[in-house]
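Chemist: Line by line, the protein sequences are chains L and P.
Just add 291 to the spot in the first sequence (first one is 1) and you have this note's numbering.
Just add 4 to the spot in the second sequence (first one is 1) and you have this note's numbering.
In case anyone wonders, no lab produced these hints; they're calculated from the structure.
Using N, Cα and C, we set each Cβ at its ideal position, and we do this for glycine too.
Hints are not guaranteed to be accurate.
Stated by the list, open to error - Some chain P residues well away from chain L (every beta-carbon gap over 10 Å; in silico):
#1 GLU197
#2 PRO251
#3 LYS346
#4 PHE381
#5 ALA385
#6 TRP389
Claimed, not checked - If you want a taste of the chain L side facing chain P, the calculated C-beta under 10 Å gives, among others:
#7 SER324
#8 VAL434
#9 PHE441
#10 SER670
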Amino acid sequence: MSSSNSYSKSQARKSIPFWRDERVLKAAAQVISAIIVIGAVIWVGVNVLEAANQRGLSLGFDFINDPAGFPISESVIPYDDSYTFGTAFMVGLLNTLKVSIIGIFLATILGTIIGLARLSTNWIVNKIALAYIELHRNVPLLVLLFIWYFAVFNKLPPAKESLELPGPIYLNQRGLYLSWPRLTETGGVFAISLLVGLIVAIIVWIYLRRLRERSGRSTYFAGVSFAVMLVSAVLGLALSAWQPLWIDIPVFEGFNFTGGLRLTPEFGALLVGLVMYTAAFIAEVVRAGIQAVNLGQMEAAKAVGLKPMQTLGLVIIPQAMRVIIPPLISQTLNLTKNSSLALAIGYADLFNVGRIMINQAGRAVPVFSMVMATYLVLSLFTSLILNIYNRKIQISERSE
Amino acid sequence: MTDAGNTKPASAKIRPPSPLRPIVWVRRNLFNNWFNSVLTLLALGSIYFIGRAVLEWAFFTADWRPVTHNPILYLVGQYPRDQLWRVGASLLLVSFLTGMSWGKWQGIMRSFALLLGIGLAILGMIPAGGQLGSLAVRVFFLINLPTIFLGYLLGSRKFVTGGWVLGGWLISFLLIPFLLRGTGEGTILPTVETSMWGGLLVTLILAVGGILLSFPLGVLLALGRRSSLPVIKIFSIGFIEGIRGVPLVTILFMSSIILALFLPPELRIDRLVRALIGMTIFSAAYTAENVRGGLQAVPLGQVEAAKAVGLNNFQTTFLIVLPQALRAVIPAIVGQFISLFKDTTLAIIVAINELLNIGKSILQSDVEFLQLQFEVFIFVAAVFWVLSYLMSFASRRLETALGVGER
């Protein structure tokens, strides 16, 4: 390559005209495309400024500190319509994060179960899993959300005639009311001691396990870690006067329930729809990942005398994970982005709040760029974290 | 086990294993240990109860009137009824070309043509109310069947080359929007504003239009991303990752509402076209990533060989690399088409009357329908399910036919 290049270079000086000189052409192509792209951006910018001047729109971000003046139906942080636009935006972002994080967690569990069911030797279980997957993958998510919201959650009985499930859990038009454990005044001590116990247990687990791998002796890492957890839990209980938690039970008063943990129908429908839809895709990812592990690996593990659980945990899963993680990353990203469909059923997520802010503040361009930038950062951040994890578990091939 | 297989003569391979007797099959597949037995019983029990409930609901409880009342709304929305022949003519054109492609290329196009024929025959014969039940509309659907066959006969002739058929498709894609939109008042084709279009027609326009328009853009972006020229590479990466990082809803919202601010006021773009632009931009970024996968699969030796026989960069890319890369990514593109087809429902957010939105407005068209959300949305889901499932089924057959993933 290099020799032919130097040959053509020496030739170029004499015979090749500049319009056929590769270096000139390459530079020209770049300059021209840069001019086109930058020109388009400038043209759009000028138009935006002009439109903004004509219609009296402002492009600044100074409205962030103005009172928002609109209510949001649910919020993780304290909020009412006297709070600022900035707070409203945060409320939307936190709602998006809430539904995404819980959704990713549940979808991974459900997807793994269905993926394993798909590999079951039991013919019926296998086919049920297949039916679930095909049923969800070929229907638009928005239609599923509509079914869940308009045809299921909105059709629940009114508060007076709530469905009562054991727990007690109440289900009615206004949402799902759960009995929820809450910390008492001394509960903080209990929580801290549990947390400390967990951290110590993990450290002990890792240390003893390494020790076993190095020395080959049994170190009972699982048992010791469990004991650490147990001791810290009992200690925490004793310190909090044996009353760390109280159960907040929803009670029907007047026209509605008070107390307990309330999930709105919008949140419920969005969560159920997203989880069930994404689980179908994750199931296929999990199935493909496990099937990708060579059968010989399992036979080899048996041959060296590993027990079935060890085979699964030490041989199959670590190898399957390498195949599973990259598509799983894109599924979690999809779920986060798909949560923007919340708009169609009225859950106050980032996009929905952004849309209301555009109407309220009259600043389409700044608000919209904030929304887009936030999604972009979320996506890039998630994929960055998962890619780092991915790099850690991939096979380190021989270097070249 | 493998040893035994190796030592046996080849004839052992040819003879298929004798089919298991049903009772043995059941014991091996459903009751081989206690855990599986419990699972089987549980599964059978739940299938029985759920299945019974579903069937009872579908045949006795459910009120299907919002679906059967005027099904043509789901097909074309508010398209003026006296101009329906234009939609019909477009359909005839597609039928004819599908028939021609069947005659020309067989394989996948054959299944596609047969599916289209069966679908239209069903539409022509189902008992339905409203205009769909009228004789004229039924006859129109049924005329498509001989049209497909006519196309097939023509397409299987020797003198009809693949270029003709492709050209036919290209012309029809240009012709159909023109035919549907019309040429203006007083002419033979009075203008039908796109706000009157709706239903499956709009869903298909958004999906097919989106994938066709995004394809060339996606290929260029993929080439740009792999380019050795840093400026072009950076722009391509920025575009692709930027679009892939945000939800489609935001892009649709931007192309429909914010774009009006970006463009000079004299440049007014039709609402449906704006949604289509959003779909195209979104789809292009994903097409680019698919195509990039195909480009990476082309061995470097191909490029070197092309250079060695004296092809220039342009020729190498378009005659050697791209044809091989695109062949490898056709299944991925079909998969992306299916997801774009499903994603057209998001156009509801910018008030486009696609299939789902039609369903929603039918619910509000009559007081008696207000509470029948389940029936309508299940019907819409079923339509999407059938079409997507058939497409993914076809794409699996396509993969086998192309021999992708085989050596």
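Chemist: Could you check that no beta carbon of chain L comes within 10 Å of the beta carbon of LYS346(P)?
Modeler: violated, 4 Å
Chemist: Quick check for students: does the CB of TRP389(P) sit more than 10 Å from each CB in chain L?
Modeler: Non-interface label fails for TRP389(P): nearest chain L Cβ at 5 Å, not farther than 10 Å.
Chemist: Hey, does the SER670(L) contact hint survive, CB to chain P under 10 Å?
Modeler: With a minimum Cβ separation of about 4 Å from chain P (threshold 10 Å), the hint on SER670(L) holds.
Chemist: Decide, holds or violated, for the assertion that all CB atoms of chain L are farther than 10 Å from the CB of ALA385(P).
Modeler: violated, 5 Å
Chemist: Classify the label on PHE381(P) as holds or violated, using whether its beta-carbon is more than 10 Å from each beta-carbon of chain L.
Modeler: violated, 5 Å
Chemist: With 10 Å as the threshold, tell me whether GLU197(P) passes as away from chain L on beta-carbon distances.
Modeler: With a cut-off of 10 Å, GLU197(P) remains clear of chain L, as the shortest Cβ separation is near 25 Å.
Chemist: Mind checking the CB of SER324(L) against every CB in chain P and telling me if the closest is under 10 Å?
Modeler: holds, 5 Å
Chemist: With 10 Å as the threshold, tell me whether PRO251(P) passes as away from chain L on beta-carbon distances.
Modeler: violated, 4 Å
Chemist: Quick check on the hint: PHE441(L) CB to chain P CB, less than 10 Å?
Modeler: holds, 4 Å
Chemist: If you take the shortest Cβ to Cβ gap from VAL434(L) to chain P, is it below 10 Å?
Modeler: Interface hint status for VAL434(L): holds (5 Å vs cutoff 10 Å).
Violation of the numbered hints given earlier is confined to hints 2, 3, 4, 5, 6; the remaining hints are satisfied by the structure.
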